[in-house]
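Asks: What follows is each chain in one-letter form.
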Amino acid sequence: MDFSLRRASRRSASGSVGRAELRYSGHLVPPARKRKIRLVVALSAAVLLACGLVYTSLLSSSESVTPSDLVSAKAASGASYTLTGKVVDGSVRTTDAGVDFRVRDREGSTSVPVSYSGAIPDPFREGREVIVTVRKHGATFVGERDSLVTKCPSKFTEDATRRASS
Amino acid sequence: MAIVGRALLILALVVALYGVAASIYGAVRRRELVVSARRAVYALAALLVAAFGLLEAAYLRTDLTFELVAQNSSSDTPAFYKLTAMWSSQEGSLLLWATLLALYSSAALRLTRDRHRDEVPYATAVLAGVATFFLALLVFRESPFTLIANPPAEGNGLNPLLRHPAMMIHPPLLYSGYTLFTIPFAFAIGALIARQVGAADWIRATRRFALGAWLFLGIGILLGARWSYAELGWGGYWAWDPVENASLLPWLTGTAFIHSIMIQEKRGMLKIWNVSLVLATGTLAILGTFLVRSGILDSIHAFGASTLGVPFVILIGVMIGGSIALVVWRREALRSENRLDSLLSREAIFLLNNLVLVAMAFVVFWGTFWPLIAEALTGTRRALGPPWFDKYTVPLAIMLVLLSGIGPVIAWRKATVANARRNFLLPAVAAISLGAVLSAFGAASRPLALAMFVCGAFVVASVGQEFWRGVGVRRAMTGEGPLGALRSLVARNRRRYGGYLVHVGMALLFVGVAASSAFNNARDVRLVPGQTMRVGDHDFTYARATSRVSTSRSGELEKISFGAVVDVRRDGEKIVTLRPERSYFPSRDIAGLGPVGRFFEGEATSEIGLKAGFRRDLWAAMTPDIRKLMPTIQEGDRVFAAAAGKLPPELEGQALGAALSGIVNRYVASEPAATFRVISSPLVTWIWLGAIVVFLGGLIALWPGPDAARRRVTARYSARVAEDLGRA
Numbered sequence: 001m002d003f004s005l006r007r008a009s010r011r012s013a014s015g016s017v018g019r020a021e022l023r024y025s026g027h028l029v030p031p032a033r034k035r036k037i038r039l040v041v042a043l044s045a046a047v048l049l050a051c052g053l054v055y056t057s058l059l060s061s062s063e064s065v066t067p068s069d070l071v072s073a074k075a076a077s078g079a080s081y082t083l084t085g086k087v088v089d090g091s092v093r094t095t096d097a098g099v100d101f102r103v104r105d106r107e108g109s110t111s112v113p114v115s116y117s118g119a120i121p122d123p124f125r126e127g128r129e130v131i132v133t134v135r136k137h138g139a140t141f142v143g144e145r146d147s148l149v150t151k152c153p154s155k156f157t158e159d160a161t162r163r164a165s166s
Numbered sequence: 167m168a169i170v171g172r173a174l175l176i177l178a179l180v181v182a183l184y185g186v187a188a189s190i191y192g193a194v195r196r197r198e199l200v201v202s203a204r205r206a207v208y209a210l211a212a213l214l215v216a217a218f219g220l221l222e223a224a225y226l227r228t229d230l231t232f233e234l235v236a237q238n239s240s241s242d243t244p245a246f247y248k249l250t251a252m253w254s255s256q257e258g259s260l261l262l263w264a265t266l267l268a269l270y271s272s273a274a275l276r277l278t279r280d281r282h283r284d285e286v287p288y289a290t291a292v293l294a295g296v297a298t299f300f301l302a303l304l305v306f307r308e309s310p311f312t313l314i315a316n317p318p319a320e321g322n323g324l325n326p327l328l329r330h331p332a333m334m335i336h337p338p339l340l341y342s343g344y345t346l347f348t349i350p351f352a353f354a355i356g357a358l359i360a361r362q363v364g365a366a367d368w369i370r371a372t373r374r375f376a377l378g379a380w381l382f383l384g385i386g387i388l389l390g391a392r393w394s395y396a397e398l399g400w401g402g403y404w405a406w407d408p409v410e411n412a413s414l415l416p417w418l419t420g421t422a423f424i425h426s427i428m429i430q431e432k433r434g435m436l437k438i439w440n441v442s443l444v445l446a447t448g449t450l451a452i453l454g455t456f457l458v459r460s461g462i463l464d465s466i467h468a469f470g471a472s473t474l475g476v477p478f479v480i481l482i483g484v485m486i487g488g489s490i491a492l493v494v495w496r497r498e499a500l501r502s503e504n505r506l507d508s509l510l511s512r513e514a515i516f517l518l519n520n521l522v523l524v525a526m527a528f529v530v531f532w533g534t535f536w537p538l539i540a541e542a543l544t545g546t547r548r549a550l551g552p553p554w555f556d557k558y559t560v561p562l563a564i565m566l567v568l569l570s571g572i573g574p575v576i577a578w579r580k581a582t583v584a585n586a587r588r589n590f591l592l593p594a595v596a597a598i599s600l601g602a603v604l605s606a607f608g609a610a611s612r613p614l615a616l617a618m619f620v621c622g623a624f625v626v627a628s629v630g631q632e633f634w635r636g637v638g639v640r641r642a643m644t645g646e647g648p649l650g651a652l653r654s655l656v657a658r659n660r661r662r663y664g665g666y667l668v669h670v671g672m673a674l675l676f677v678g679v680a681a682s683s684a685f686n687n688a689r690d691v692r693l694v695p696g697q698t699m700r701v702g703d704h705d706f707t708y709a710r711a712t713s714r715v716s717t718s719r720s721g722e723l724e725k726i727s728f729g730a731v732v733d734v735r736r737d738g739e740k741i742v743t744l745r746p747e748r749s750y751f752p753s754r755d756i757a758g759l760g761p762v763g764r765f766f767e768g769e770a771t772s773e774i775g776l777k778a779g780f781r782r783d784l785w786a787a788m789t790p791d792i793r794k795l796m797p798t799i800q801e802g803d804r805v806f807a808a809a810a811g812k813l814p815p816e817l818e819g820q821a822l823g824a825a826l827s828g829i830v831n832r833y834v835a836s837e838p839a840a841t842f843r844v845i846s847s848p849l850v851t852w853i854w855l856g857a858i859v860v861f862l863g864g865l866i867a868l869w870p871g872p873d874a875a876r877r878r879v880t881a882r883y884s885a886r887v888a889e890d891l892g893r894a
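Here the protein sequences come in this chain order: A and B.
Following this note's numbering, the numbering of the first sequence begins with 1 at its first residue and continues without gaps.
Following this note's numbering, the numbering of the second sequence begins with 167 at its first residue and continues without gaps.
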């Protein structure tokens with residue numbers, strides 16, 4: 001590649017046309033241009049992939065909301081939301097189908113009712129922080145099957161100790 | 167003791183700062199300070215081990231004046247869990263992180279003390295710098311030696327969910343992975359600054375650390391998965407949670423790195439790629455630590471309210487900015503010495519493998535941080551669920567497994583048709599035959615799973631063929647028996663054959679994941695004793711209810727368990743009896759709760775019933791319906807409230823035991839309903855078997871071979887001679 005370039009520059013100085021130059025002008029793309037083409041192709045591919053990824057991500061994702069968001073923004077019936085908040089004390093009712101409870105804001109008292117069936121994580125209990133995918137059906141939010149997760153309890157010991165020690 | 171602990175941490179911080187300053191000044195001006203900086207890192211390790219030991223001693227003797235001990239230990243916590251309870255807290259886990267970093271840094275600097283004199287000072291500065299960051303957090307933000315003014319009479323105890331051997335080893339392994347990845351990161355920085363970027367420089371010095379990091383992190387992740395499967399009562403092992411993903415990210419880029427460095431070692435290629443990968447891996451390891459502690463993303467594993475987000479963002483910003491600046495600065499020195507000769511070569515396959523791994527890492531990163539990206543793009547936070555992750559990672563994983571079968575056997579530089587036929591014909595025939603057989607048995611209904619089975623078979627066959635040929639050659643050369651030939655074959659090239667074994671383990675693991683995901687049968691059903699449900703080919707009969715009251719070793723009432731005896735039949739023939747159980751631990755937060763009621767307001771854990779098999783796992787968890795017991799529980803609390811202060815404490819304990827026994831007996835007699843989650847899942851055991859094979863392969867690859875030992879001795883001898891000549 002370097003050889004071809006040297007021959008090409010010699011040609012422009014002398015004005016003569018050599019074999020290397022013929023090959024160069026007839027069959028090969030100048031290296032600098034080749035690099036530019038590669039860069040443009042790679043960047044275009046990256047932009048296309050990024051657009052595709054953003055598009056599929058937007059289609060597949062559900063809005064992350066707090067109970068306040070659901071109450072204030074008037075949740076659309078049937079739309080899917082990822083609800084995050086704390087289980088309201090005294091709200092958990094075991095039913096034949098699963099469990100009903102209310103979820104409130106982390107810092108606040110606004111809450112929404114959730115009816116859930118599916119696997120209930122062991123750490124689930126009142127006061128715990130949960131994440132659950134819900135859809136609005138009438139006045140209740142129905143949890144998607146097996147979507148309920150509860151925060152790892154090892155990270156929740158501090159408050160209890162402080163309460164106990166005080 | 168707490169004062170001593172705090173003093174040790176402050177001293178460690180001072181020593182770490184000295185290590186940074188001495189190593190940089192030593193590199194630029196006074197060479198002897200580099201040795202002093204190295205010794206400072208040794209001293210740092212000693213100080214942190216002492217602080218760690220002090221805290222462990224406080225846990226062992228249940229010193230409830232320590233806030234951490236009161237938070238997650240108690241006098242009746244078993245000794246093993248007392249020792250391991252430290253890392254279930256933010257402060258304790260930070261101390262573990264810093265201690266492991268100091269220990270591994272000391273080991274790396276000790277092993278390189280006679281070599282790499284240009285890179286080591288800067289690497290020392292980076293290692294001491296990272297240690298300084300964590301020590302600053304421990305000294306100024308999250309002290310593990312905080313005392314409580316009015317210590318409680320008893321600690322909270324370790325959360326029952328965490329009382330599982332896998333969960334206790336899981337954090338140290340993850341942290342070992344994270345901290346070990348800091349070593350190649352630091353040496354790469356040193357190499358870039360010192361302009362010593364050849365394979366003989368920083369890569370050889372840190373290859374083993376990178377491999378160790380990869381192994382520890384991988385096994386740590388799998389232990390977490392095992393705990394989730396056996397302990398959490400949902401029957402899964404991976405949930406694409408942000409914190410889980412954060413541990414996967416450095417593992418993926420680390421996997422790419424330990425493959426691509428082979429190309430740099432053999433052909434002098436991919437230098438920019440390699441330094442970029444290791445710098446990204448080191449940064450992602452810190453990112454993983456950051457995600458657990460910042461609360462920036464909603465995760466079930468993240469610590470609650472934390473103030474550590476900003477310092478971590480600053481550290482990660484410095485790491486990313488510094489890494490990019492260094493790579494750009496040294497781009498000329500990082501030019502490849504060779505070019506790719508052919509797309510049909512080992513280099514090309516390794517490169518493709520790297521691209522797949524980095525693409526996987528990108529997908530996981532994107533999905534994990536999508537809530538923040540979406541918020542920036544649309545103004546609202548959005549979350550992606552497991553189906554999105556599966557859509558992208560499953561095809562990439564299939565490609566990865568296929569490449570792990572091609573890579574080890576394809577020729578370097580350029581593969582010929584003859585080479586390809588010789589190496590791939592048998593594995594390809596074996597894999598396609600297996601695919602045909604499995605299709606005939608219905609596996610074609612899940613094409614992605616079938617593709618994974620075929621690729622897995624290809625890997626096992628191609629690696630098996632390599633072992634077979636290698637053993638054959640050794641037997642012909644030395645006349646050894648098959649086992650002796652196998653042993654000497656592996657011993658003579660541990661890295662190569664250990665790596666092959668890792669590939670087989672990963673293939674088994676991925677086949678297990680594919681089968682258990684695609685052909686999983688799960689049902690949630692509410693049953694009363696005598697009723698049966700069908701899951702797949704199996705009938706699960708809830709035969710009868712069980713219950714018991716357990717006491718701790720100190721004689722205290724520990725938990726109440728309600729369980730079920732579940733008979734499993736296939737074609738009318740009884741196969742096994744499962745005994746799932748749900749245990750209720752008393753709440754430590756006693757305000758407003760009666761002595762009986764508090765047993766039903768505390769933590770609850772599922773003890774699953776599991777029949778693990780090579781072909782299929784039968785898994786059952788149950789949630790008892792205790793609503794009928796509530797009037798009895800409330801009545802019990804009323805009786806105890808009326809008798810409060812009238813009974814001596816020892817009689818009160820006996821009475822409570824009798825009351826709880828009455829409750830559990832009533833439960834069994836009532837023929838109670840329970841909600842069962844039952845899963846019949848094929849090849850789950852292959853995941854854990856694959857993990858064991860990966861672990862063994864990784865150990866073999868890590869174990870120093872005779873060549874490495876000889877090189878070390880030669881290097882030390884050379885250094886001694888050079889020193890003596892210098893003196894003369």
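Keep in mind the hints are simulated off the structure, nothing from the lab.
Bear in mind the structure is a predicted one, so any value in this text is a computation, not a measurement.
Keep in mind that a hint or two might mislead.
Simulated DEER-style distance windows between Cβ atoms [said to hold, decoys possible]:
| no. | chain 1 | residue 1 | chain 2 | residue 2 | range |
| --- | --- | --- | --- | --- | --- |
| 1 | B | ILE176 | A | SER91 | 42 to 50 Å |
| 2 | A | THR110 | B | PRO613 | 40 to 48 Å |
| 3 | B | ALA657 | A | LEU39 | 16 to 24 Å |
| 4 | A | GLY52 | B | VAL305 | 44 to 52 Å |
| 5 | A | GLY52 | B | GLY650 | 34 to 42 Å |
| 6 | B | VAL694 | A | THR110 | 34 to 42 Å |
| 7 | A | SER80 | B | ASN504 | 32 to 40 Å |
| 8 | A | SER80 | B | VAL305 | 43 to 51 Å |
| 9 | B | GLN697 | A | SER77 | 30 to 38 Å |
A virtual CB, placed ideally from N, CA and C, is assigned to each residue, including glycine.
Asks: Now look at each hint and say whether the structure bears it out.
Replies: Here's how the hints hold up against the structure:
no.: 1; hint: B:ILE176 / A:SER91: 42 to 50 Å; verdict: 47 Å, holds
no.: 2; hint: A:THR110 / B:PRO613: 40 to 48 Å; verdict: 47 Å, holds
no.: 3; hint: B:ALA657 / A:LEU39: 16 to 24 Å; verdict: 48 Å, violated
no.: 4; hint: A:GLY52 / B:VAL305: 44 to 52 Å; verdict: 47 Å, holds
no.: 5; hint: A:GLY52 / B:GLY650: 34 to 42 Å; verdict: 55 Å, violated
no.: 6; hint: B:VAL694 / A:THR110: 34 to 42 Å; verdict: 39 Å, holds
no.: 7; hint: A:SER80 / B:ASN504: 32 to 40 Å; verdict: 52 Å, violated
no.: 8; hint: A:SER80 / B:VAL305: 43 to 51 Å; verdict: 45 Å, holds
no.: 9; hint: B:GLN697 / A:SER77: 30 to 38 Å; verdict: 36 Å, holds
Checked against the numbered hints given earlier, the structure breaks hints 3, 5 and 7 and satisfies all the rest.
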